[in-house]
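**Q** The lines below spell out each chain.
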Amino acid sequence: MSTRESSAGGTLERTAARLAYEMVVGLEVHVQLLTRTKAFCRCATEFGAPPNSNVCPVCLGMPGALPVLNDHVVDLALRAALALECRIHPVSIFARKNYFYPDLPKGYQISQYDRPLATHGRLTTDGADGTSITVGITRVHIEEDAGKSVHDRFPGVSAIDLNRAGVPLIEIVSEPDIRSAAAAGAYLRSLKQLLEFLEVSDVNMEEGSLRVDANVSARPVGETTLGTKTEVKNLNSFSAVERALDAEFARQCALLEAGQRVVQQTMLWEADPGTVRPARTKEESHDYRYFPDPDLPPLVIEPSRIESARRSLPELPAARRARYRESFGLSAYDSDVLTASKALGDYFEDVVRQHRDAKTTANWVMGEVRASLNASRRDIEEFPIRAADLGELLDLVRDNVLSGTAAKRVFAVMAETGERAAQIAQREGLVQVRDDAPLQAWIDEVIAEHQTEAARCANGERKLLGVLVGFVMKKSGGRADPRRVSQLLAERLGV
Amino acid sequence: MRDAVVTGARSPREIVDEAFSRARRVRAGADGLNAFLWSDEASAHDEASRLQTRLEAGKGGSLAGVPVVVKDNIATLGSPTTCGSLILENYRSPFEATVVRRLREAGAIVVAKTNLDEFAMGSSTEYSAFGRTKHPLAPALVPGGSSGGSAAAVAAGITPIGLGSETGGSVRQPAAFCGIVGVKPTYGRVSRFGLVAFASSLDQVGVFGATVDDAALTFETIAGRDPLDATSADQQVLKYGEPVSSLDGIVIGRPREYFPEQLDHQIAVHCDRALERCRALGATIRDVSLPNTNLAIPVYYIIAPAEASSNLARFDGVRYGLRITDDGLRGMYEATRSNGFGPEVTRRILLGTYVLSAGYYDAYYAKAMQVRSLITRDFSAVFASGVDVLFTPTTPTPAFEAGSKSDPYEMYLSDIFTVTANLAGIPAMSLPIGRVGGLPVGGQILAPHFAEVKMFRVARALEKALGAEAHR
Amino acid sequence: MSISLDEVRHIASLARLGITDERARVAAVELSSILQHMEVLSKVDTSDAADVDVLAQSGMMLRPDTGPPIPLERSPADFVPELRDGFILVPRLATHEDPEPAP
Ligand SMILES: [Mg+2]
Ligand SMILES: [Zn+2]
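So the sequence lines, in the order shown, correspond to chains W, F and R. So for the first sequence, the numbering used here puts the first residue at 9; every next one is plus one. So for the second sequence, the numbering used here puts the first residue at 1388; every next one is plus one. So for the third sequence, the numbering used here puts the first residue at 22; every next one is plus one.
Treat the hints as calculated values from the structure; they're not laboratory data. Remember, predicted model here, so these are calculated numbers, not experimental data. From the three backbone atoms N, C-alpha and C, an ideal C-beta is built for every residue, glycine too. Certain hints may be false.
[To be verified] Just some of the chain F residues that point at chain W, by a computed CB distance under 10 Å:
no., residue
1, 1407
2, 1578
3, 1581
4, 1582
5, 1583
6, 1613
7, 1617
8, 1627
9, 1631
10, 1690
11, 1693
12, 1701
13, 1717
14, 1745
15, 1760
Start from the sequences and build out the full structure, keeping to the hints where you can.
**A** This is the structure:
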């Protein structure tokens, strides 16, 4: 097959075709669970250890070794399934998925097949435009990861590292409810955010702790039956997913327009040049010969365990956004920004705890704090200004000890040194001046320097008062209390 | 023997030396019985002296100084673990099986790793990559299998006890052929950690003993839950305790399906004699029926190969064992596996792959699992009806001639009375009940799940009642 | 139920058993005759056979999320056929630009 299929047909036809067809997408997401040890053996799961150093008889598939399931894997999988509003099955079965691959030590992967942990869930995503889409979750099941095959390290051979073999995963399979690349991106972002809030995974695509495969098909608009799907793999970022879906959809539309059929196959996304190409067809069609793993009795989950897992669920993103809107009176937009990551929201709430005024706090966290984080390329966890200290700074502004301008300068120093606001303000002489004596002195100078403006103002051009206040502020290096200054000026000019 | 050691009457070293000289006398090695795949006097002496120091420190153990042979599909440190296969010819396990660790902790001394049908797939110990094991009484005959090496070694008096493994009768059938005691525990009673898997839902480590007491003591030593085996049961192991010779109040079932027309007449006669002895000891004999018995062999030969085809996928030449390089990765896989596995193993992998493959799963594997539950239900029903144990012949015939069973299915039929216990997961054992044409015949006792104590009680009483008749 | 030569070749390939046509022909006959004996099962009524939920009973033993791993008393260097820089080496796949993605 040509590797340039994605450009079949001219641009115009393709656009036309795309209008006549609807994209139908279901996503399979593999998520690495945050456990200390592997799913079926006691090896460490740490990332980046020397090759084949985190291995034991079990994950090496040595003759006579047996798997024993990690209890914490069940906890984390339960937490995720419950947050996805799934039905948890009291009895689920581990099955063997049989295939030969050098990084699959036993010749089979321990997974769940016809009796998964959980089914019938859903995830609702609020779109930017206020609308929200709900994607059905077909199933959530537990399985083990394979090892890593490195094909470019040594000439002519593949190099196998089994440190990752046996690391616990959950596979989250969505219904084909997704209708656009953008919707797929939105679904993935809120899924990632959910898993992060749940602390079941560090959802890091670079380290492979979150992996996405997409099932894509196209059908004429209005058609209700599904078209032939292809599976798109090698998607290593959310934007790759979105671009790959558009490319594959375009390819399928072009085929259908040309009266050709879509072949059910695995496609690989290539970021550069941004096309999908068919995966090299393997020697044979897959026949995984699934059957229940006789080494692992059925996994029985007592109702009590499901209940305590449900009770221990943390506040989820949607709930937190709602709370920010209702109890803090923040806008939908502000709530979204502040709940983007659990840590940012926690920081925001810590500042509010000190300063009380949620709106001001929101403005500062979304403005100054995020700007400073972006500039220093830091996460909120490593932000030098402690929430309580930022609260103090905002208190100083509220109490007119610092002007807004001065506060921003103090903030900058705090971000550098991590000192407390008050002591910086003192040292830098940024504390607001409110005694009449120094204010009068500055006013005298300003009137002397701008006699015309002062006269016109005195003669009724009241709007010039602001200008004159501005000159005084400037003279004071931003330290003068603007309200007092305009009072005094008004008295002096008798307006 | 153990008492003699603990009391210091005899030293572990003496006993080990005896075992080895006995082994030399009966020619246990490749030049004779070919029961041993590995045996090392020096390492046995080291174990003996380590034990000596333990004894002096007063830490004997229930099997102090008892020499033991271990089937070579059970992982041991300090010796190879070949499974009788070329694919593991020079393989040494980096860890030890739980059962072997428990034996050593109890003071037993491993003197040899024993021959078997490759990966325990067989009933005659003819299918070993390292040559067949001969019957201790008649070299032309098979000792049974797949644990033929351990059975022959114990029968030849080299060691009083041995370890084997059971998937469809691989301990009971050779025990019957060789005239010793063989025990298959309840599924989950003994850890499988370190037992190289053949069919995981059927496999159990089994024990051989010259006498019921030897076997029972060995069983007690290795039994009990193991955190390394998720299928090991959390059931306390009751001590076999003081033997009771009376069988008052015991109801013994005689399942008619195990006494068919074509059953060797003299075997039937020996069974009746044994049952007669039990009646004389106060037991009630009741005719019972296990209607699904005839389905056991078909069910077994679907489930066992299916699981085996998956369990043996790990022998791919990538991480350990034989690797034969050929064109590309697939070439390496196929060259390694086709040269590493013998004909019977290949046959079963093919059969198992077939019954699991797309389009056939429901007709074969799924169906077999359902019928399996019917077979299990037969036993539960009989035991629920007030029957304490069942008594049957262990095998339809005595030991047969090597090479006499060319048709695979005919070979499979020699397991006909033993596979049911593996399918149902219940404990079962074979003990000598007489001879036919000079060849030992075994009687089988089957008991409810985790009721080994009751099984041993009946066996012990019967053994005592038969006395020398058991070997006549 | 009899197995064709092509079916034998297919399952042999699934099982990565390189067998000669000679051996495949023999296997087809052997497996077919073995499977004949299995036919009896198709006639058994299993409508009320036990479901796994019955077998489930107590459910499976789980382990705490702690180490240390079961030690390797021999190092991989002792048993791995080809080891370099800690990696296990195998012949490169024909499709190595397209490694089968991890599950
Ligand atoms: Mg998967
Ligand atoms: Zn491990």
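**Q** Now look at each hint and say whether the structure bears it out.
**A** Hints and how they fare:
no. : hint : in the structure
1   : 1407 : violated (27 Å)
2   : 1578 : holds (9 Å)
3   : 1581 : holds (4 Å)
4   : 1582 : holds (6 Å)
5   : 1583 : holds (4 Å)
6   : 1613 : holds (9 Å)
7   : 1617 : holds (5 Å)
8   : 1627 : violated (27 Å)
9   : 1631 : violated (35 Å)
10  : 1690 : holds (9 Å)
11  : 1693 : holds (7 Å)
12  : 1701 : holds (4 Å)
13  : 1717 : holds (6 Å)
14  : 1745 : holds (5 Å)
15  : 1760 : violated (13 Å)
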